[in-house]
Every structure is written in structure tokens, then in C-alpha cells.
Amino acid sequence: MQLTGADIVVKSLKEEGVKHVFGYPGGAALHIYDAFHRQDDVEHILVRHEQGATHAADGYARSTGQAGVVLVTSGPGITNAITGIATAYMDSIPMVVLSGQVMKPLIGYDAFQEIDAVGISRPCVKHNFLIQNVEDIASTIKKAFHIATTGRPGPVLVDIPKDITADVAEFIYPEALEMRSFLPPRKAENSEILTAVEAILNAKKPVVYTGGGIVLADAQKPLAEFVHKLGFPCTNTLMGLGGFPHSDPQYIGMLGMHGTYEANMAMHDADLIIALGARFDDRVTGTLGNFAPDAKVIHVDIDPSVIDKNIKADIPVVADVKEVLNAFNNELQRREKDINPELIGDWWAQIKQWQSLDSLWYQHSDEVIKPQYVVQKLHEVTGGEAFVTSDVGQHQMFAAQFYGFSDTHKWINSGGLGTMGFGLPAAMGVKVAHRDADVACVTGEGSIQMCIQELATCRQYDLPVKVINLNNRYLGMVRQWQEFTYEKRYSNSYMDSLPDFVALAEAYGHVGMLIEKPADVEGALKEAFAMKDRLVFMDFITDREENVYPMIEAGKGHHEMRMRPGSKTLA
Amino acid sequence: MRHIISVLLENESGALSRVAGLFSARGYNIESLTVAPTHDATLSRMTIVTTGDDRKIDQIEKHLYKLIDVAALQDITIAGHLEREIVLVKVKVEPNQIETLQQIAKGFNCSLSQVNEQLFIIEMSGSCEKVDELLNSLNDGEIIEVARSGAIGICSGESALSIPA
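In order, the protein sequences belong to chains A and B.
First residue of the first sequence? That's 304 in the working numbering, and the numbers climb one at a time after it.
First residue of the second sequence? That's 46 in the working numbering, and the numbers climb one at a time after it.
This is chain B alone, in the form it adopts within the complex (with noise of 0.2 Å):
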């Protein structure tokens, strides 16, 4: 099953790679992670989307909570949450497609900006769901290049991640 899995981590050099070396050290999947600060400059959010049985991912979770450098952690999959991606995608299009680009870009309520006559740059941030939606109604040939965020999310409750008291 797919999780996805909020961690508070301190702001020291050197904490990504721990949990980045975790996962392959003991052979757990990514499928996305992504990390930047938070309001308190100290601590940087880390969300990690990762797959496996209820058995690894407790793993997952014990043996990310050994890290030192690892302040708390939320497997938000569980509780109702949000969930972003953001998407970047460069398509390249005919003049007489440009219409069909315009409507899907519509569609899914992206912004879309050109960058010449045939090249266009689609935005679009939701789950990540939707934004394998877009890719796929998007013409595979067109695409030039595709930059995705990996997912962040946060519990749609009133439950928040923070370091224990």
C-alpha cells in the first residue's frame, strides 16, 4: 500500500542523506521525497510517499524515528489529508492544436504560458492523481520535459505534526 509519510527533521547538514541512506540501506522503496524548512528555520518537513505491508512500513517509521537528527513523525496516510504535487510540464505543440491544449489546460484549471510560437509551459499543482491525469491527457509526443515536485501533504484534521512536548 501506498503511504505517505510526514517527518520533522533538524536543519543540520547531512540529515537528508541519513534518511535517504536508511532507505537504501535496508532496501525501502521511494517513490517521491521531498524536504524544505518550515516556519521554525531549526526544522525542515520532509514527506516521503513510499510503498509496502503494514510490517515495513512500521519499519520504515521505527527505524526513521532512531534517526537522531528525526524530531517526529506522522504516517498521514491513515488520517484524512492533503495531498499537492506541483507539476512543470514543456509541451510542444502545432498552431492548429493550440486550441486543444488551451481547453485541457482549462480542464484541469492549470495556468498555462508560452514560451514561443510552438513551445507552452503547464502548470498545474493537486494530487498526484491528478496530475498523472493530465500527463496521460496529454499527448505523449508533445512533451518536451516534465518536472514534478513529489508529493507534500498535511492532515486534513485538526491533528498537527509538531515535536512532542
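Okay, chain A solo, but in the shape it has when bound (with noise of 0.2 Å):
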């Protein structure tokens, strides 16, 4: 059949499985766009900027664990798209991102709109192509969700020129590929099996660490049987929240930087860290001097990469999360009889005892809504089961630290980039991909203004997503190191003439709530959540001063968190 390179791509797209395609036209897309309109297909939904895109496409990837989707244009829609690539690179996210070009004979001559945009992406991306002939756009396109979803997934970029979206040419997509430089990933030796499930039966003091790996691969039910068959405490990453359940009694919270005292003195004292997809981030481990001294370290990824690069791995074991998972469970099963859970009893006397801190406590106030209490009252309200994104602040670390996640892919935050602006996009996209959920998107007064503008593409495609802003008016990250760390000269972290956000909201056709008092709250969420068919905007006026504790501060290690003042402390 002859088509041209545009209607090449749409239905490249459509053999993939696609059924929506976040984007925003302009000239050297508008082929492509044409093609979009001859078809009903793939969805196309129209952001407000192509930032917002990007995130949408990547809520849609984390939520489904599908590739998201990006069309943009040349130029500006690429470089703004840019952000949004670069945080799905950050923390892994399958994505595909399809970008116009300006015509092959103007490039390389500064042409309205051209920007290199395989040259501008290419740090923050798995990989990227420029198509030089229409003949090459289907298994172009193969190739790039082929490499967005094999492995450690990444963002690929396909850059299209625009007389090549016209050119016309045989479609035939391809049934398989074969890239000699891309091999699938490794599988692990037996004899690493066996050497890890060794040290693992003799360990005293164990931790099970683990990361985004365990939501990437979906390896949550054979993480739960590992740890629950020998007994070990498990601790989440920020990525990996969710992996294991919040409630179960072996869980000791997430770990790092604003994680529970217990999850960072266990990781301090362990003899024996088993690290299950997560890779040993600077948040994660406070300064590498300081970083559990005693512990061995079977560290397991995909990414042959993470292996060593900030902590050495005594037991390196290099293949996806969820066959290493069944094999140790498998290895486990032979060696039932040398599980020894007295092994590990004074291990645990010792993490109950860090864990009666109660590390996570706060005071509790009658007359100013707290932002722990919100997100405590988001979680009784949705039941525990809404999917939740965030920007990045104060709100995200509260959301991480006081929702608790029961599965994979319900918490969607910008861990690695840290990208302000995340939230909104990304609980739109999350909505595309699960009309009848629960998504709640918490935010602050100044990451929600990043990405405000896709309040409209809400509105245009009825995506009734529930937007809980944790409004203190500050950059409270910003000014809670401000407060610790520069006397309390809070430079810039305070942001005058804030929008009248209930009004803002409406204005974009939306419902807004102001609530200020804490007895509100509770009615509040339930009268927005009950509103199944509307977005709600609810700004929730918090304690202005409030800090996320405890702390790991820079330049200190696990065993020196910083906790609430009037906090318990050990006997």
C-alpha cells in the first residue's frame, strides 16, 4: 500500500498499539497533523505546551507501563519538550517522542524553526534518530519503541523532516527486528543465583532496598514473596513506592534523604544489603564515606551501568529484577530448611526500637492545616488506591512519606530531574490511560504554576483529575534549606501576588475550593472526590513554616538524620 511518510507514521503508530498521542502541531508537524485528522484510530490530545506533553505522555508510561506518547513540532516544540524528556530519561520512562524537522535541503542553513534536535536531545535520551528517507520511517519508528521498552527503559527521539512526510512509499511495517548493537538484556548465571541466596541465608542484619526497578519490571509479587519468606525488613526508594505494600508489618518506610530513621540505621548497621533495582542515588545513600560501613552488597539491575558506580557490588548480578526475583524465590524454595529466622532476631528487637521514634511524627494542630494531614486525609478518602502524582517540594516528600502506596505505578513523581511542573501533566496523562480512576496530582502554589496552562486541556478532554495544592506560600524546599542552612535568609523563596487560584480555576471552567481550616479538610477531599465528572481545584491554605523531617543533611550519613524537634529520642 502507498502512503506518505505521514500517514506512515500514524499507522506505524497505530501497529504499535498506540491509542493516544500527547502533542502540539506547527508547521514542520503539519503533515503528520493532516494525517491525524483522516484517521480515528490514535487519540490525539492537544496540550497547552509541549512541557506538558512530555509529562502526560510520561504519567501515561508510569501508570500503564506502556510507552507514552509525544508528537511536537521543529524547534521550539522540541527544545520545550526538552524538560519533560529529560525527567523520563531520569528516572527510566519508556517514551517515544516523534518531532517535525524543518526540510531536508534547510538544514544545516538556520531555516525558521530548526534547532538540532537529535544534537539538543541527546544526553537526556536512550537514543535518537533522524530519518533521511521516507522508506525508513516504519522500522525507524519499530526500532524506537523496540529500544524505549527493552531493558533499563529510556525517552527515544525520532526527528522527521517535513518533505519526507510528504514523500510517498510502500508501508509495510516490519514483523521484527534485528539490531545487532541493541541485544537484549542479560540473564543471570546460576552460580550468581546460588552465591547471592548464600549470603543471603547467613545474613544477621539484612535490608531489602529497592527502586523504580521493581514498578518498571512489575516484579511486586515476587518481591513480596522473597521478602516474606525469609523475613527481612524492605525499604522503598522514592521511585519505588509502592513495590512493597506500605501496611505490611516488613516494611520500614522509604529510605534517604527524607526517609524513616529506621530505613536509614538499618541501612547504616546491615551486614547485607540486597539492592533490587535501584542504583545507590546521592539522595539514597548521604555521603558515600558515611554509607554502611559492615554491609556486603548484592546489588541487582538491568543496567550493567548502576553496578559500581557509586557503591561497590560484592554480588553483582546483571538481569531484570522480576527472573532474578523468581530465581532466588525458586533457590529459596530448595533451601527451605536453611531459612533461619532466629538469625535475625535481635536485627529486628533493634528496628523496633528505631521504629518506637516514630520518625514520621508531627504535631498535629486544630488551628492550621498541616500538609501531612491533608495527604494522610487524601489516602482515608481515595482509600488508598488513587494513583498520586506531585511536583517537587515539601508536597512531594509529604505525599511520599504519609500516602502509602499498595501497589506499583500508583505513585508518579519526578524523582531523578526533580522537575517542578510535573504534577499537572502527569495526573492528565495518568487520566487518559484510567478514565474511572481516582488520580489526585498533589502540588504546591509554586510547581503548579509551571504547568498551570493544562488546566485547559483538562477542561477540552474532560480529565475530572483532583488537584490537592499544599499552598504555604513559600518555595517551602527552597526556604526549609534556607532556614537550616542560611541563617533563615529566605532569598527568593517567597512568592507575592499569588493567584486567586479558586478563581483561576473556575476561569478554566473548573471547580475551585479554598479551605482553610483543618476540621475542613475531610468533608472537603470527599465533596471534590465525590465530584467523579469534574476537576477540582482545592487549595488547601497550610502551616506556612512547616519542615519535612527527618533529615539527612548534605555531607551527613545515615546514622545522623536530623529529626523534629520535641521528637522522641532513644534511651
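In case anyone wonders, no lab produced these hints; they're calculated from the structure.
Note that the Cβ used here is the ideal one computed from N, Cα and C, for glycine as well.
Treat the hints with care, as some may be off.
As the list claims (entries may be wrong) - Derived DSSO-like pairs (lysine-lysine); straight-line CA-CA distance at most 30 Å:
hint : chain 1 : residue 1 : chain 2 : residue 2
1    : A       : 612       : B       : 111
2    : B       : 175       : A       : 490
3    : A       : 612       : B       : 107
4    : A       : 317       : B       : 111
5    : B       : 111       : A       : 599
6    : A       : 446       : B       : 111
7    : A       : 655       : A       : 615
8    : A       : 599       : B       : 107
9    : B       : 111       : A       : 615
10   : A       : 599       : B       : 101
11   : A       : 615       : B       : 107
12   : A       : 490       : B       : 107
What the hints assert, rightly or not - Where chain A lies over chain B, by a calculated footprint (3+ residues, C-beta under 8 Å):
hint : segment
13   : 63–73
14   : 95–104
What the hints assert, rightly or not - In silico contact screen, one side only, chain A against chain B (beta carbon under 10 Å); selected entries:
hint : residue
15   : 422
16   : 425
17   : 431
18   : 435
19   : 436
20   : 446
21   : 471
22   : 473
23   : 474
24   : 484
25   : 486
26   : 606
27   : 609
28   : 612
29   : 837
Combine the two chains into a complex, taking the hints into account.
In C-alpha cells form, the structure reads like this:
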């Protein structure tokens, strides 16, 4: 069948099973947009800014496990998309970004809306392509999806010059791919499994430390089996929340800069760290010199480059974490008689003592709304089952600490890049994929204004997400750091002239709610979530100077956490 | 420690910039980098000379291998290897120094071509160390310009860099 390049683009997306594309048109992409107009297999969601398109596709991908798809034009279209591409790259999110490019004869001549998209995106994509011929469009898109979703996932950019989208070629979508330089991920050797299990069975102070890899690999079931078989404590990273249920007695909370005291102390004192799909990020380890001085490390990851990058692994296993966990479980089944819960009895006693400090404790108030309280009530009202997206800052940490996730793909935040503006468009993307689910965007008055234009997209496509704006009239995390390390010199962490968010939400055609009293929090949340078909923007006026505790400050180790003033201390 | 890493790279536009970008983004050293097509026109062979401790070299190799365009790579430093660099040096000499220059050229087994009465071009191939020695032996004041190719290398034993079957 002879088709134009533009039709080939859209047909290829259909062949990949793509149902939704987030994008914004412009000159170089117009042939492709015309092709979209000729079909109804793939729905295009028109965002209000290209950054929103990438975050929406990202939220779509994180909540479904499928690649999110973005379509933008050349020049500013792709430069605006870069922040969202980098966000996906840092968190290993599968995404395919199609960008229009100026006509081939104009490339390199500083044409209108020309930018070297391949060059500008190179450091923040898993791979990218500039298509040269109409005949290569289908196979390149096939490769892009394959690369984005195979091994450690990531974003792939496909840059398509305008003239080749008008050229005509026979459309044949390739059945299979042969890429000699991109091989499927490595499988674990049996000897590696045996060595790891031996270390596991002999551990006296073990910790299971799991990251986003558990979410990406859908490994929560074998993880639960593994942790339960052994009776070990389990901590999740910010990216891995939901990988192990928050309510499980063996769960010791999130670790890292704002993790629980027990999780960080357990890491510090451990004799064995079992790292599963996690990468020992600096926000997790604190200073490396102080990190887990007595621990042997088993490091399981699909990406060999994270092994020995920050922390030396004693037993590295480079493979898919789900397959490795299944292999661990089989071996543990075989050696069931060697599992000795007594070996870790003292360890649990120690952990329980740390837990007794209740490191997430905060002083509730009847006068002023505590942000933590809002998140706790959000959990209650949604039954802990909502998809929760967040922006970046204190509210993100409160959401991570207090929502309590029971399943993977429910907690959606920019962990690696820390992109303010992520939350609302990501929530939008989640809602496109899960029309019947509750989707909450926990945000702050700083972050929300970075992509607030997407309220219009939510209106156009009827995406009734709930915005939980924890409004403390400060850039809270910046202010907190300024309080701790800059003697309260609050340089540019206060925004004057905040908008009337209720009026703003209403101006976009949504429902706005202002909540100023703790007593009104629960009722307001119930009312908002009862409005199934309306986007509700909830502006919670919260305690201005509430801080996120506990905290590992810069230069400190896991064992040197700063606790909330007034909290319990160990006897 | 100095390492010579050979890389087989898909002969695609932009492949070189991916490698160069990786080194600059992660702060790795490049002492030299050469690239040219192989007998298989779809593949280029790149030789990177870099320095770093074992951990850094391990990271460099892992990150290189992660690049989609990289088909195979080998640190040939560890195995026995042949290392060659080509250097072209334009030198200016007084008539009474021509004989000395000819002797140096002979000693280093270089070819010498005359541009005019005073200008000569020396061409030599050898290890990078040998090239350094040649340059040191030429009086600095006389060197007009130097073009070095950067090192290329190949394993001297039976092992060969090829795409995994």
C-alpha cells in the first residue's frame, strides 16, 4: 500500500498499539497532523505547552507500563519538550517522542524553527534518530519503540524532516527487528543466584532495598514472596514506593534524605544490603564515606553501568529483577530448611526500637492545616487506591511519606530530575489511561504554576483530576534549606501576588475550593472526590513554616539524621 | 593508568558525537580518539585512548556499551597489542642542519620529504611513545607544525574485535 510519510507515521503508531498521543502542532509537523485528521485509531490530545505533552505521556507510561507517545514540531516545539524528555530519562520511563524537522534541504541553514533536535536531546535520551528517507520511517519507529521499552527503559526521539512526510512509499510495518548492536538484556547465571542466596541465608542484619526497577519490571509479587519467605525488613526508594505494600509489617518505610529513621539506620548498620532495581542515588546514600560501613552488597539491576558506579557491589547480578527474584524464590524454596528466622531476631528487635521513635511524627494543629494531615486524609478518602502524582518540593516528600502506597504504578513523581511542573500534566496523562480511577495531583503553589496551563487541556478532554494544592506561600523546600543552612535568609523563596486559585480554576471551567481550617479538610476532600466528572482544584492554606522531617543533611550519613524538634529520642 | 579501548561502531551519522558527548558529559578524559570505516562499510572502528583508575575505566566501558550504536568494544591494553600512531612534522632547518635532520630521520626510520630549501616534512609511524621521542629529539625552535593521528591499536594475539554472534 502506497502512503505518504505522514500516514506511515500514524499507521506505524497504530501498529505499535498506541491509543493516545500527546502533542502540539506546528509547521514542520503539519503533514503528520493532517494524517491524524484522516483517521480515528489514534487519539491526539492537544496540550497547551510541549513540556505538558512530555509529562502527560510520562504519567501515561508510568501508570500503564506502556511507552508514552509525544508529537511536537521543530525548533521551540522540541526545545520545550526537552525538560519532559530529561525527566523521563532520569527515571527510566519508556517514551517515544516524534518531532517535526525542517525540510531536508534546509537543515543546517538556520531555517525558521530549525534546531538540531538530535544534538540537543542527545544527553537526555536513550537513543535518537533523524530519519533521512520516507522508506525508513516505519522501521525507525519500530526500532524506537523497541529501544524505549527493552532493557532499562527510556525516552527515544525520532526527528522527521517535513519533506519526507510528504514523500510516498510502500507501507510495510516490519514484523521483527534485527539490531546487532542492541541485544536483549543479559540473563543471570545460576552461579550468581547461588552465591547471592548463600549470602542471604547467612545474613544477621539484612535489608531489602528496592527501587523503581521493581515498578518497571512489575516485580511486586515475587518481591513480596521473597521478603515474606525470609522475614527480612524491606525499604523502598522514592521511585520504588508501592513496590512493597506500606501496610506490611516488614515494611520499614522509605529511605534516604527524607526517609524514616528506621530505614536509614537499618541501611547504616546492615551486614547485607540486597539492592533490587535501585541505583544508590546520592539522595539515598547520603555521603558515600559514611555509607553502610559493614554491609556486603548484592546489587541486582538490568543496567550494568549502575553496578559499582556509586557503591561497590560484592555480588552483582545484571539481569531483569523479576527474573532474578523468581530465581531467588525457587532457590529459597529448595533450601527452605536453611532459612533461620532466629538469625535475624536481634536485628528486628533493634529495628523495632528505631521504629518506636516514630520519626514521621508531627504536631497536629486545630488552628492551621498541616500538609501531612491533608495527605493522610487523602489516603483515607481515596482508600489508598488513588493514582497520586506530585510536583517537586516539600509536598512531594509529604505525599511520599504519608500517602501509603499498596501497589506499583500508583505513585508518579519526578524522582531523578526533580522537575517542578510535572504533577498536573502527569495526572492528566494518568487520567487519559485510567478514566475511571481517582487521580490526585499533590502539588504546591510554586510547582503548580509551572504547568498550570494544562488546566485547559483537562477541560477540553474532560479529565477530572483532583488538584491538592498545599499552599504555604513559600517555595517550601528552598525555604527549609535556607532555614537550616542559610540562617533563615529567605532569598527569593517567597512569591508575592499569588493568584486566587479558586477563581483561576473557575476561569478554566473547573471547580475551585479554598480550605483554610483543619476541620474542613476531610469534608472538602470527600466532596471533591464525589464530583466524579469535575476537575476540582483544592487550595489548602497550610502551615507556612512546616518542615519535612526527618532529614539527612548534606555531608551527613544515614546514622546522622536530623529529627523533628520535640520528637522522641532513644533512651 | 592509560587504556586503549577499541570500539566497533555502527557507521551512522551522529555515532561519533554520542561517544564524544558521553566522555564530556561524565567528565572522562580523552587523550586521543580516532575513527574510520572498517572492511565492513557498515561499521567504523574507533580507538579511544583514555586514563583513569580501574573503576573509572569500568564505568567508561559500561557506558560505551550502553550506547545503541556501539556494537562491540575491547580494552586492548590488558591483552598484548600493537599500537601505532602516524605523525607528520613540518620542520624548518638551516642548510648546515640538514644532515642532522637526515640522521634523526634515519634513526627513527622516518621518511623525509623536502618542501623547499629550508622546509622538510617528516613522516613516521610508531607507538605514541616513539612519536613523543621523535618530537623531543627535534629542536623545538624548528618545528613549524605537527599533525598526529592519535593511536590506533589491534590485539597482537588471536583474539579479534568483532560483533558478538
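Evaluation of the provided hints:
1. 612/A x 111/B: holds, 14 Å
2. 175/B x 490/A: Violated, because 45 Å separates the two Cα atoms, which is more than 30 Å.
3. 612/A x 107/B: holds, 10 Å
4. 317/A x 111/B: Satisfied, since the Cα-Cα distance of roughly 29 Å is no more than 30 Å.
5. 111/B x 599/A: holds, 27 Å
6. 446/A x 111/B: holds, 16 Å
7. 655/A x 615/A: holds, 29 Å
8. 599/A x 107/B: holds, 23 Å
9. 111/B x 615/A: This hinted pair holds, its Cα atoms lying about 20 Å apart.
10. 599/A x 101/B: holds, 21 Å
11. 615/A x 107/B: Distance of about 15 Å is within 30 Å: holds.
12. 490/A x 107/B: Holds, at roughly 17 Å.
13. 63–73: holds (count 3)
14. 95–104: It holds, with 3 qualifying residues against the three required.
15. 422: Constraint on residue 422/A satisfied, holds at 7 Å.
16. 425: holds, 5 Å
17. 431: Holds, about 8 Å.
18. 435: Check passed: Cβ of residue 435/A comes within 8 Å of chain B, closer than 10 Å.
19. 436: violated, 13 Å
20. 446: holds, 9 Å
21. 471: violated, 24 Å
22. 473: With Cβ-Cβ at 23 Å, over 10 Å, it is violated.
23. 474: Violated. Min distance 24 Å.
24. 484: holds, 4 Å
25. 486: holds, 7 Å
26. 606: Holds, about 7 Å.
27. 609: holds, 9 Å
28. 612: holds, 6 Å
29. 837: This hint is violated: residue 837/A lies away from chain B, its Cβ roughly 45 Å from the closest one there, beyond 10 Å.
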